Amino acid sequence: MVGAVLLCAMMIRPIKSGNFIPLLLLMVCLQQATAQQATIPLYESAVPNARKAPADYQEQTDADDCVTRVTQPALIPFFPKKETTTGTAILIFPGGGYRLLSLTACVEIATALSQEGIAAFVVKYRLPNDTIMIDRSIGPLQDAQAAIKLVRKRAAEWGIKPDKIGMMGLSAGGHLVSMEGTQTSRVVIDNGEKINLRPDFMALLYPVIIYDPAIPKTREKLIGKQPSPELLQLYSTDKHVTATTPPTFMVHAADDDVIPVKNTLSFFNALQQNNVKSEMHILQSGGHGFALTDLQSKDNWFRMFKSWLTENGF
Numbered sequence: 004m005v006g007a008v009l010l011c012a013m014m015i016r017p018i019k020s021g022n023f024i025p026l027l028l029l030m031v032c033l034q035q036a037t038a039q040q041a042t043i044p045l046y047e048s049a050v051p052n053a054r055k056a057p058a059d060y061q062e063q064t065d066a067d068d069c070v071t072r073v074t075q076p077a078l079i080p081f082f083p084k085k086e087t088t089t090g091t092a093i094l095i096f097p098g099g100g101y102r103l104l105s106l107t108a109c110v111e112i113a114t115a116l117s118q119e120g121i122a123a124f125v126v127k128y129r130l131p132n133d134t135i136m137i138d139r140s141i142g143p144l145q146d147a148q149a150a151i152k153l154v155r156k157r158a159a160e161w162g163i164k165p166d167k168i169g170m171m172g173l174s175a176g177g178h179l180v181s182m183e184g185t186q187t188s189r190v191v192i193d194n195g196e197k198i199n200l201r202p203d204f205m206a207l208l209y210p211v212i213i214y215d216p217a218i219p220k221t222r223e224k225l226i227g228k229q230p231s232p233e234l235l236q237l238y239s240t241d242k243h244v245t246a247t248t249p250p251t252f253m254v255h256a257a258d259d260d261v262i263p264v265k266n267t268l269s270f271f272n273a274l275q276q277n278n279v280k281s282e283m284h285i286l287q288s289g290g291h292g293f294a295l296t297d298l299q300s301k302d303n304w305f306r307m308f309k310s311w312l313t314e315n316g317f
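Okay, so the sequence shown: first residue is 4 according to this note's numbering, each after it adds one.
FYI, nobody ran anything at the bench for these hints, they're computed from the structure. Among these hints, one or two may not hold up.
[As the list claims (entries may be wrong)] No more than 25 Å apart at the CA atoms, straight line, and that leaves these computed lysine-lysine pairs for DSS-like:
hint	residue 1	residue 2
1	K167	K197
2	K242	K224
3	K84	K152
4	K309	K164
5	K224	K265
6	K228	K265
7	K197	K156
8	K242	K228
9	K280	K309
10	K84	K156
Values in this document were obtained by computation on a predicted structure and should not be read as measured data.
Could you put the whole structure together from the sequences, leaning on the hints where they help?
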């Protein structure tokens with residue numbers, strides 16, 4: 004469960020006149036935090052593609068709310084009030100270069116979505132690691148597929164429309180979501196129930212798309228230091244866009260010095276070439292890793308995202 008104190012620390016912003024936190028705002032944060040369910044495991048039985056973790060390989064969360072060493076992937080749910088629910092759901096995949104899961108921005112976005120009547124689930128997925136995985140290159144994708152399978156399976160229980168389930172990915176999480184959305188025939192989990200694993204729409208925030216030398220650490224964590232040309236092709240998700248790729252909303256800052264903006268431009272061009280409904284916003288500034296608002300321009304991509312969802316019937 005996301006603790007009340009932790010959630011408040013992530014949501015409350017300092018006030019220019021000082022560091023005083025209004026009591027009313029604190030109470031609202033506490034109420035939102037305690038209203039959430041306990042974390043929901045992705046797998047009912049054994050986690051697939053798993054090796055037995057060493058005794059000292061335990062999940063850790065640091066002071067910046069970054070999670071590492073995940074062995075039991077799960078959903079952190081943010082359900083809207085019943086009277087405001089729209090039936091739409093979005094699974095949010097944190098970034099962190101496949102080295103860690105940075106939750107702060109995801110929780111902020113999930114909270115905002117739930118306030119708009121959208122069920123949000125922050126996905127705590129496994130990070131590629133030979134210590135706990137037989138094949139590290141498919142571990143995160145397995146958890147992405149398991150996440151949408153679980154939400155579709157329990158859609159009626161949670162008041163969700165099974166044809167309005169989207170995925171949002173930040174940074175490396177954007178790579179994972181774009182892989183899930185473009186390689187729908189590549190099923191890497193047991194799906195005997197034939198549940199649809201394709202997201203109905205995608206939102207990609209400053210995503211990793213191109214597996215080239217520009218971002219070696221992210222690439223190396225998933226497919227190694229010297230991947231074959233075939234692997235680079237497989238994991239460059241702009242190469243796999245087709246006419247059946249889900250409608251996609253994209254945001255990136257031009258001054259991003261971590262993930263070059265060419266990643267978003269390349270994916271958007273592929274979407275356009277395949278006549279996939281898509282919208283792209285390139286912010287002049289903002290850097291990498293912003294949440295709801297570009298802190299320099301004060302622009303709010305979330306407002307545009309809500310309009311896009313409405314325009315496309317989600």
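Each hint, compared with the structure:
no. : hint           : verdict
1   : K167 with K197 : 18 Å, holds
2   : K242 with K224 : 20 Å, holds
3   : K84 with K152  : 23 Å, holds
4   : K309 with K164 : 17 Å, holds
5   : K224 with K265 : 21 Å, holds
6   : K228 with K265 : 22 Å, holds
7   : K197 with K156 : 11 Å, holds
8   : K242 with K228 : 21 Å, holds
9   : K280 with K309 : 15 Å, holds
10  : K84 with K156  : 21 Å, holds
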